[in-house]
Every structure is written in structure tokens, then in C-alpha cells.
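S.K.: These are the residues of each chain, in order.
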Amino acid sequence: QKEVEQDPGPLSVPEGAIVSLNCTYSNSAFQYFMWYRQYSRKGPELLMYTYSSGNKEDGRFTAQVDKSSKYISLFIRDSQPSDSATYLCAIPSNTGKLIFGQGTTLQVKP
Amino acid sequence: DTAVSQTPKYLVTQMGNDKSIKCEQNLGHDTMYWYKQDSKKFLKIMFSYNNKELIINETVPNRFSPKSPDKAHLNLHINSLELGDSAVYFCASSQDHRDLEAFFGQGTRLTVV
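Going line by line, the protein sequences match chains G and L. With the first letter of the first sequence counted as 1, position 94 gets the number 77 in the working numbering; the numbers rise by one all the way through. Each position in the second sequence, counted from 1, maps to that position plus 1 in the working numbering.
This is chain G alone, in the form it adopts within the complex (with noise of 0.2 Å):
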């Protein structure tokens, strides 16, 4: 088992729609989370992190841990095209390393 996976997708979504993206992890021990952004032939960039359980929002941007479930979801609403990118949860382990999931490609299409 990976220790964080993740759907690949392809998702496709009309402008307008809520965007749920979803991680799973196998660690207990891992108490950050966070959601890169990649739009594409770039490289990632840090979207937000979350601390334990519980939600963060930042603007159209919700990040959600529940740790009781190793689950961690990223919400967008009302999405724009300009969301469209691949989307990459990501842990740091005890160890100093960031670990990815295999990030979610997302379109939103006008």
C-alpha cells in the first residue's frame, strides 16, 4: 500500500461547480497536510496546509483532514477555468521528506 494515494482523474467539470479532491494516507502518525498546485509544464506550487483534523478556507479553497478516517479533501467552489491544473496532496514525513500523492488533473471547462 502507498502511503498516500490519490485518484488520478482525469476530472472534468462545467464553470460554476464545486470540486472535491480527495487523498488517502496510511500513517496515523502524520499530523500535516498539503495541497500543491501544478498548472501544466510548471512546476508545483504550495495551495494551502492544513494541521490535524479539521477545515482551512482561503478564499474558494477548502482543505479538509479526517484524521479518524486518513482522509484529507480539498474543496474548490465556483470553479474557474484558471483552476484548471493537477491538483497533488502531499505529507511530510517524520523524516523531512514530502510525500505526493499522485496528484488529480483537473479541467474546468467555460
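Hint data in this document are derived by calculation from the structure and do not stem from the laboratory. One or more hints might be untrue.
List time: in silico DSSO-like cross-link candidates among lysine-lysine, alpha-carbon distance up to 27 Å [claimed, not checked]:
(1) LYS25(G) with LYS23(L)
(2) LYS68(L) with LYS20(L)
(3) LYS25(G) with LYS68(L)
(4) LYS20(L) with LYS25(G)
(5) LYS10(L) with LYS53(G)
(6) LYS25(G) with LYS39(G)
(7) LYS41(L) with LYS25(G)
(8) LYS92(G) with LYS42(L)
(9) LYS42(L) with LYS53(G)
(10) LYS(-15)(G) with LYS23(L)
(11) LYS(-15)(G) with LYS10(L)
(12) LYS(-15)(G) with LYS45(L)
(13) LYS42(L) with LYS50(G)
(14) LYS72(L) with LYS53(G)
(15) LYS53(G) with LYS45(L)
(16) LYS53(G) with LYS23(L)
(17) LYS(-15)(G) with LYS20(L)
(18) LYS45(L) with LYS50(G)
(19) LYS53(L) with LYS(-15)(G)
(20) LYS68(L) with LYS53(L)
(21) LYS80(G) with LYS23(L)
(22) LYS45(L) with LYS80(G)
(23) LYS80(G) with LYS72(L)
(24) LYS72(L) with LYS(-15)(G)
(25) LYS53(L) with LYS39(G)
(26) LYS92(G) with LYS41(L)
(27) LYS68(L) with LYS80(G)
(28) LYS53(G) with LYS41(L)
For chain G, the structure is supplied; the task is to place chain L on it using the hints.
M.R.: Leaving out everything else, chain L in the frame of chain G:
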């Protein structure tokens, strides 16, 4: 003013050749990384250097050798290139090895033919 810059951006080479990728960061960060992203977008760490010292060395063939002449630079040399080495290689940096946020370069798309 690019924060993390890699050269070259594209690299096409024949099997068996030796090639290098260079990376520089102007963020004043202490830690730099090399990541490999395969054709399925799976991103995996290869190496990490903190203040020029190797701190993470994942299971990577010996043909890959990183070198950090100073904390602003981290180069990757690959010997005897194989078809399976074809991927996008990303350099990244962070404030230090405990910092959560990594800043990535634009990537070097390596194609081995």
C-alpha cells in the same frame, strides 16, 4: 526574477550518454531538493541537501549523483542514461529541512532516445 531556476528546460539525449542539470535558488534557503516526476505525474523525492550536506538519499541508482557547490546551487549529474530515466526533473528549495513549503523550479524535461 526567478526564485528557483533550472537549466536546461528540455534535454533530449541518446542512451548511454552522460548529462547534467543545473539548479540555482535566490531565496536564501538552506535546503534544496531533486524530485523526479514520471509520465503519470507521480512526484518522488530523490535527494535533499541542507547547507551543502546530503540529508536525504532515496533509493536512486548510483548513476545519479547530486552535487552542491554552495547552498544556492544543486546540480544533478546522470551517467549512462537509460530509457527509463525519461521524466521531468524538478529542483526545489525550502527555508530549511523542517520547513513545510517547498518552492519548485519549472522542471527539466529529459527524454532519452
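S.K.: Is the straight-line distance between the alpha-carbon of LYS25(G) and that of LYS23(L) 27 Å or less?
M.R.: Since the Cα atoms of LYS25(G) and LYS23(L) sit roughly 17 Å apart, the hinted pair holds (cutoff 27 Å).
S.K.: Hint check: LYS92(G) vs LYS42(L), CA-CA at most 27 Å. Holds or violated?
M.R.: 22 Å, holds
S.K.: Compare the distance between the alpha carbons of LYS45(L) and LYS50(G) with 27 Å, and conclude whether the hinted pair is satisfied.
M.R.: 24 Å, holds
S.K.: Are LYS53(G) and LYS23(L) close enough, with their CA atoms no more than 27 Å apart?
M.R.: With Cα atoms ~38 Å apart, LYS53(G) and LYS23(L) exceed 27 Å; violated.
S.K.: Hinted pair, alpha-carbon criterion (27 Å max): LYS68(L), LYS80(G). Please report holds or violated.
M.R.: Holds, because 19 Å separates the two Cα atoms, which is no more than 27 Å.
S.K.: Does LYS39(G) lie within 27 Å of LYS53(L) when you go C-alpha to C-alpha?
M.R.: 35 Å, violated
S.K.: Take a quick look at whether LYS10(L) and LYS53(G) sit within 27 Å of each other, Cα to Cα.
M.R.: 37 Å, violated
S.K.: For LYS68(L) and LYS53(L), compute the direct alpha-carbon distance and say whether it is at most 27 Å.
M.R.: Cα-Cα ~8 Å, so holds.
S.K.: LYS25(G) and LYS68(L) were given as a pair; does the straight-line alpha-carbon distance stay at or below 27 Å?
M.R.: 24 Å, holds
S.K.: Next pair to validate is LYS25(G) with LYS39(G); report whether the Cα-Cα distance is within 27 Å.
M.R.: 26 Å, holds
S.K.: Can you confirm whether the C-alpha distance between LYS80(G) and LYS23(L) stays at or below 27 Å?
M.R.: At roughly 21 Å apart (the allowed maximum being 27 Å), LYS23(L) and LYS80(G) satisfy the hint.
S.K.: Hint check: LYS72(L) vs LYS53(G), CA-CA at most 27 Å. Holds or violated?
M.R.: 36 Å, violated
Of the hints listed earlier, those the structure fails to meet are numbers 5, 10, 11, 14, 16, 17, 19, 24 and 25, in rising order.
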